[in-house]
Amino acid sequence: MPAVALLQSSPAALIVTCVLVGLCTGSFLNVVIHRLPQIMERRWRAECAELDNAEPAPVPAAERYNLVVPRSSCPSCGHRITALQNIPLLSYLALRGRCASCRAAISPRYPVVEALTAALSGYTAWRFGFSAATAGALVLIWAMIALAFIDLDTFYLPDDITLPLLWAGLLFNVGAVFTDLTSAVIGAAAGYLALWLVFWGFKLATGKEGMGYGDFKLLAAIGAWLGWKVLPLVILLSSFVGAIVGVGLIVLARRGRNVPIPFGPYLAIAGIIALFEGEALTRRYLDLF
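The opening residue of the sequence shown carries number 1 in this note's numbering; numbering runs sequentially from there.
Simulated from the structure, these hints should not be mistaken for laboratory data. Owing to the predicted nature of the structure, the values given are computational and were not obtained by experimental measurement. Be careful, since some hints might not be right.
In silico DMTMM-like links for lysine to aspartate or glutamate, alpha-carbon gap of 25 Å or less [what the hints assert, rightly or not]:
id: 1; residue 1: 208; residue 2: 287
id: 2; residue 1: 208; residue 2: 279
id: 3; residue 1: 203; residue 2: 159
id: 4; residue 1: 229; residue 2: 277
id: 5; residue 1: 229; residue 2: 287
id: 6; residue 1: 229; residue 2: 279
id: 7; residue 1: 229; residue 2: 153
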């Protein structure tokens, strides 16, 4: 039986395939989460040098740095990670969470990202089956995972991800995969404008910036994928989760009230919930009134 026919006729085969693809994608997302902010910072330094009319130092070929080059290595000893040491989840378990060379601890975030990506990919296949919705949902979820962890680490929500994600949502909905195109366009515009208004209202009231422009673009991308009707739900859920986490950090971790908290992860969580349960949750909310 051809592979496509097997995936179409067997939900189990589709789920297993998406889980395996999710594991491999999670491994790549770890690279994106780690390297993309550094690539951005290198780009900014080069642009600043150009504005200062200074010649940026040439980068030798051996020092090229992107999502592919150089090969992954241990940050403690520089040991190059082999193919066998780079198998998602299994390598971490086999190495007991330590570098094969220097035995330095490997961050548990790496297997967490891989496991999370695999689990959500499998659930997506179970939920949507063999359809364009599964392909689109996987793209959206993978981007959300990368953005959430990058924002946690650096407070960046890179345009390199948010803007292509926004356009991809509009293109997917040309065929009304998740919503009609009109709703998607309005969702993109309303998503950006909603947080833009919050930003300026907070700044005018306090003189401080309460969030970054990346948050506007991320909510616009969610609106482009899922339509304008889910935006109130996404804003409500992200604000609720963010408030709980913020209060918890202040009370339990004794974190100062003025210490910033990234909002992108909560938008990403809310966007994923809205992807799967947005219509049902919105209907239940409206039924209350």
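Is the straight-line distance between the alpha-carbon of residue 229 and that of residue 287 25 Å or less? Satisfied, since the Cα-Cα distance of roughly 15 Å is no more than 25 Å.
Given hint residue 279 paired with residue 208 - CA-CA distance at most 25 Å: violated, 35 Å
Residue 229 and residue 153: Cα distance at most 25 Å? violated, 31 Å
Keeping to a limit of 25 Å between CA atoms, is the pair of residue 203 and residue 159 held or broken? With a Cα-Cα distance of about 23 Å, the restraint between residue 203 and residue 159 holds, given a limit of 25 Å.
Need the status of pair residue 229, residue 279: alpha-carbon distance at most 25 Å? Satisfied, since the Cα-Cα distance of roughly 9 Å is no more than 25 Å.
Compare the distance between the alpha carbons of residue 229 and residue 277 with 25 Å, and conclude whether the hinted pair is satisfied. holds, 13 Å
Tell me if the straight-line CA distance from residue 208 to residue 287 falls inside 25 Å. Measuring from Cα to Cα gives roughly 38 Å; hence the hint is violated.
Hints 1, 2 and 7 from the earlier list are contradicted by this structure; the remaining hints agree with it.
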